[in-house]
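*Asks:* Line by line, the protein sequences are chains A and B.
For what it's worth, our numbering labels the leading residue of the first sequence as 1, then goes sequentially.
For what it's worth, our numbering labels the leading residue of the second sequence as 1, then goes sequentially.
Hint data in this document are derived by calculation from the structure and do not stem from the laboratory.
Please read all numbers here as calculations on a predicted model, not as lab measurements.
For each residue, glycine too, the CB sits at the ideal point set by N, CA and C.
What you were told as hints is all true, and nothing was included just to trick you.
No more than 20 Å apart at the CA atoms, straight line, and that leaves these computed lysine-lysine pairs for PhoX-like:
id, chain 1, residue 1, chain 2, residue 2
1, A, 76, B, 76
2, B, 102, A, 27
3, B, 225, B, 263
4, B, 202, B, 171
5, B, 155, A, 171
6, B, 27, A, 102
7, A, 49, A, 27
Label-pair restraints from in silico Cβ distances:
id, chain 1, residue 1, chain 2, residue 2, range
8, A, 225, B, 1, 54 to 62 Å
9, B, 31, A, 155, 50 to 58 Å
10, A, 226, B, 133, 41 to 49 Å
11, A, 155, B, 227, 31 to 39 Å
12, B, 80, A, 12, 48 to 56 Å
13, A, 238, B, 8, 38 to 46 Å
14, A, 244, B, 194, 55 to 63 Å
15, A, 129, B, 244, 27 to 35 Å
Residue strings, one per chain:
Protein chains: 2
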Amino acid sequence: MNAFEKLGRKNSEGRFICVGLDTDINKIPVHLKKFPEPVFEFNRQVIEKTAGDAAAYKLNFAFYENSGAEGFETLKKTIDLIPDDVLIIGDAKRGDIGNTAKMYADSIFNYFRCDASTINPYMGEDSVQPFLQFENKLNFILALTSNPGADNFEKLRLQNGEFLYQHVITKVNDWNKKNNCGIVFGATRIDELKNNLGLINKLPVLLPGVGAQGGSLEEVVKSFKEAGRLNYLINVSRGIIYRSSNKDFASASAEELNTLNTKVKKELDM
Amino acid sequence: MNAFEKLGRKNSEGRFICVGLDTDINKIPVHLKKFPEPVFEFNRQVIEKTAGDAAAYKLNFAFYENSGAEGFETLKKTIDLIPDDVLIIGDAKRGDIGNTAKMYADSIFNYFRCDASTINPYMGEDSVQPFLQFENKLNFILALTSNPGADNFEKLRLQNGEFLYQHVITKVNDWNKKNNCGIVFGATRIDELKNNLGLINKLPVLLPGVGAQGGSLEEVVKSFKEAGRLNYLINVSRGIIYRSSNKDFASASAEELNTLNTKVKKELDM
Chain A
1 MNAFEKLGRK NSEGRFICVG LDTDINKIPV HLKKFPEPVF EFNRQVIEKT AGDAAAYKLN
61 FAFYENSGAE GFETLKKTID LIPDDVLIIG DAKRGDIGNT AKMYADSIFN YFRCDASTIN
121 PYMGEDSVQP FLQFENKLNF ILALTSNPGA DNFEKLRLQN GEFLYQHVIT KVNDWNKKNN
181 CGIVFGATRI DELKNNLGLI NKLPVLLPGV GAQGGSLEEV VKSFKEAGRL NYLINVSRGI
241 IYRSSNKDFA SASAEELNTL NTKVKKELDM
Chain B
1 MNAFEKLGRK NSEGRFICVG LDTDINKIPV HLKKFPEPVF EFNRQVIEKT AGDAAAYKLN
61 FAFYENSGAE GFETLKKTID LIPDDVLIIG DAKRGDIGNT AKMYADSIFN YFRCDASTIN
121 PYMGEDSVQP FLQFENKLNF ILALTSNPGA DNFEKLRLQN GEFLYQHVIT KVNDWNKKNN
181 CGIVFGATRI DELKNNLGLI NKLPVLLPGV GAQGGSLEEV VKSFKEAGRL NYLINVSRGI
241 IYRSSNKDFA SASAEELNTL NTKVKKELDM
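Build the full structure now, drawing on both the sequences and the hints.
*Replies:* Here's what the structure looks like:
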């Protein structure tokens, strides 16, 4: 099953929540410190309890890279635990010149065996193309992000009247020859989301920013519903994985994921 | 000695060439395959022969990440070999929301102990700030890159008449409160370089694109000289490290570096 199909199947089952495994050693329950690899043990238990209900897992590479080789080992082992029917997003936001982007794509898709990537578009087409050569993968390209800094460049008005992020979305539609492109759009940007669903067209959308960053789950679901669109993922990281700092942390994550799934289904009358 | 001082000292000695250790296992001499860590052995020999004449080393993380944890181990061990007076640039081009960018900065500066980073500005100020908290480091923020894709977004004209990359340079000047910002500007963009040296002002410039990508060393040196500017680095990767595929590869790299240094000094009448 390729990445696009995996996402479609989950979405059709009413699963839209992506669990962000942004696991910070300083935020996990203290009792896990006795394990040889506390972050891996945390991830293992969270995946065990949530895999049946998650539409996807998103692993932000930064949270592993700050422990260097050991962190990469944990990242790889975590990815290997995720069941085959759940989409795995390598959230690395890479972007570099062609021959280098090829190496990054190789890392994310061949070494780490992710189903999907996130890509920073700043350097343009040749920095994205090596990722698009992987026909069975999905590539979520940053359009309008959830953070305050999105105002600095992404929301600059171009001479033709478009915002920069809108021009990125147009380009991503052009690049989508193999049906393996998507975009990242911040759930904190609900008005812009509504106004751009036409431009986004059929591209799958990854939406971070619900929870700690203030985006509204219901608003996102409602916006897509009104547009008759059902191919997207709402990422929640801290809001799911840090629900409890006791031994029940994984069950607490699963419970929160269930609550979110129920909210989504209610909005969708499913 | 902080990063800014390291660069200043090398530049004042007529050293402007940054050796790019973009070491590709498929491009190194075959006889190295007998070593337990061929890429490390390649880097070790190149550093041994070039450290006295290099202004800096730039390590593009992509070339190590595609071997995962093992690659990160090689990257760390390579960095540990570089003498303290030579600037080490962690060319990772990261960019993510604030709490995540903090992790990336931690990885590049604390774990890998690089002196400098490269940063992708697309996501704006809060994605850059965690790097700028490191007062003794240097952060080269992507402005106009050397690749063809730079035309897609970086060279878009904004409503105020500026190009996007010019607006990035303006912002980087604003962010440079701690004198720890620089920019990346492609050596393949010589006309734009000349026209923007005023805007770039006192920011140190990292220039990739000489050699395999077609930029001219002499043109770059001449442009800075005419502007009375002497704080920059010209990166050469493939053009230096792959001069020979025999046992003399490291000496051949050193020879090429010397040739480039001589060319620079000639342009500068040093």
